[in-house]
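Chain order of the listed sequences is A and B.
Residues in the first sequence are numbered consecutively from 3, following my numbering.
Residues in the second sequence are numbered consecutively from 59, following my numbering.
It cannot be assumed that every hint is accurate.
Which chain B residues stay away from chain A? Per the calculated CB distances, all over 10 Å, these [claimed, not checked]: (1) Gly99; (2) Gly107; (3) Asp111; (4) Ala114; (5) Asp115; (6) Ala129; (7) Ile132; (8) Ala134; (9) Glu137; (10) Ala141; (11) Arg159; (12) Leu164; (13) Asp167; (14) Ala181; (15) Arg189.
SDA-like cross-link-like pairs, simulated, lysine to any residue; straight-line CA separation at most 20 Å [unchecked claim]: (16) A/Lys67 / B/Ile132; (17) A/Lys67 / B/Asp101; (18) A/Lys67 / A/Ala45; (19) A/Lys67 / B/Arg96.
Quick caveat, the hints were computed from the structure, so don't treat them as lab data.
Note that the Cβ used here is the ideal one computed from N, Cα and C, for glycine as well.
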Amino acid sequence: MPRDCKVALMATVLVVDDRVTNRAVLSRLAAAADADAEVHAFADPREAIAWAAEHTPDLVVTDFKMPHMDGAEFTRNFRKADRGDRRAGP
Amino acid sequence: MPQSFLSGRSAAGDGARQPPLRLVTTATVDRQTLASLRALGGDDAFFAGVVDDFVADGVTLVAALRRAAAAGDIAAVREHAHALPSSAAHVGALRLHALARSLHDLRPDELGTRGGEVLDNLALEFRDVRRELRDAVTRPEGQDASS
Numbered sequence: 003m004p005r006d007c008k009v010a011l012m013a014t015v016l017v018v019d020d021r022v023t024n025r026a027v028l029s030r031l032a033a034a035a036d037a038d039a040e041v042h043a044f045a046d047p048r049e050a051i052a053w054a055a056e057h058t059p060d061l062v063v064t065d066f067k068m069p070h071m072d073g074a075e076f077t078r079n080f081r082k083a084d085r086g087d088r089r090a091g092p
Numbered sequence: 059m060p061q062s063f064l065s066g067r068s069a070a071g072d073g074a075r076q077p078p079l080r081l082v083t084t085a086t087v088d089r090q091t092l093a094s095l096r097a098l099g100g101d102d103a104f105f106a107g108v109v110d111d112f113v114a115d116g117v118t119l120v121a122a123l124r125r126a127a128a129a130g131d132i133a134a135v136r137e138h139a140h141a142l143p144s145s146a147a148h149v150g151a152l153r154l155h156a157l158a159r160s161l162h163d164l165r166p167d168e169l170g171t172r173g174g175e176v177l178d179n180l181a182l183e184f185r186d187v188r189r190e191l192r193d194a195v196t197r198p199e200g201q202d203a204s205s
């Protein structure tokens, strides 16, 4: 890559929390950390999984106790939805 | 806020085991947290929106807690009590946060004997929090930290 070539690095953040207050605050925190960040927030972890099948977030912030699936199950399903081009998570 | 709950004594004054309550002497709503929330949003609309969302969500949760308690549904009580603390902390409602945690942590037998008392205290605290948050929305920015 040429030295003078600048690459725009826009972070994509996925927030999953069934409580509206938490989603609002966490989303704004993520946006405040990086003005260029693209934040996607979901109340329903199933919708987040569907979104993740088509997108590759750089950071995922998830609640643990949620309707339909808890954070552990969400993480397993998220990894299944992984298209293979994201770095391994914890 | 009823002091009997905060001090860990039951209203009946008996010597029964009480849940591990911490003495909470904080304000109904922590002003520094509110100031941080205003700063995070960068505009009054975000702050007002968060308050509106929290109040609406809280009304729903308190009603759900009452229904669950009346039905003796311990799992539902715990589920709803679990949902409240994180949101309460975000808006600086630290006593409400502590009360919700205490309700969530009650043993099944304690839910039967003390759950109603704790829930009443939680509902009263939520009422106070709601009033203070509504006041904060209408209060000019900059008065949070000094009031």
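Status of each hint after checking the structure:
1. Its closest Cβ contact with chain A, about 6 Å, brings B/Gly99 to no more than 10 Å, contrary to its assignment away from the interface.
2. Remark: the non-interface label on B/Gly107 conflicts with the geometry, its nearest Cβ contact in chain A lying 7 Å away (cut-off 10 Å).
3. A beta-carbon of chain A is positioned within 10 Å of the beta-carbon of B/Asp111; the least distance is around 4 Å.
4. At the 10 Å boundary, the C-beta of B/Ala114 falls inside the reach of chain A, the nearest C-beta of that chain being 8 Å off.
5. Not every CB of chain A is more than 10 Å from the CB of B/Asp115 (nearest about 6 Å), against its label as outside the interface.
6. Every CB of chain A is more than 10 Å from the CB of B/Ala129 (nearest about 19 Å), matching its label as outside the interface.
7. Annotated as non-interface, B/Ile132 keeps its C-beta farther than 10 Å from every C-beta of chain A; the closest such distance is 16 Å.
8. For B/Ala134, the non-interface assignment is confirmed: its Cβ lies about 12 Å from the closest Cβ of chain A, beyond the 10 Å cut-off.
9. Chain A draws B/Glu137 into its interface by the beta-carbon criterion, the shortest separation being 8 Å against a cut-off of 10 Å.
10. The claim that B/Ala141 lies off the interface is violated: its Cβ sits roughly 6 Å from the closest Cβ of chain A, which falls inside the 10 Å cut-off.
11. Chain A leaves B/Arg159 outside its interface by the beta-carbon criterion, the shortest separation being 13 Å against a cut-off of 10 Å.
12. Listed as a non-interface residue, B/Leu164 keeps its Cβ farther than 10 Å from every Cβ of chain A; the least gap is roughly 17 Å.
13. Distance to chain A confirms B/Asp167 as a non-interface residue, since its nearest Cβ pair spans about 23 Å, more than 10 Å.
14. Every CB of chain A is more than 10 Å from the CB of B/Ala181 (nearest about 18 Å), matching its label as outside the interface.
15. In this structure B/Arg189 is separated from chain A by more than 10 Å, as the shortest Cβ-Cβ distance comes to about 17 Å.
16. Restraint check for A/Lys67 and B/Ile132: the C-alpha separation of about 16 Å stays at or below 20 Å, so the hint holds.
17. Distance check on the hinted pair: A/Lys67 and B/Asp101 sit about 31 Å apart at the alpha-carbon level, beyond 20 Å; violated.
18. Restraint check: the Cα-Cα separation between A/Lys67 and A/Ala45 comes to about 12 Å, which is no more than 20 Å; the hinted pair holds.
19. A hinted pair counts as satisfied when its Cα atoms are at most 20 Å apart, and A/Lys67 with B/Arg96 does not qualify at roughly 27 Å.
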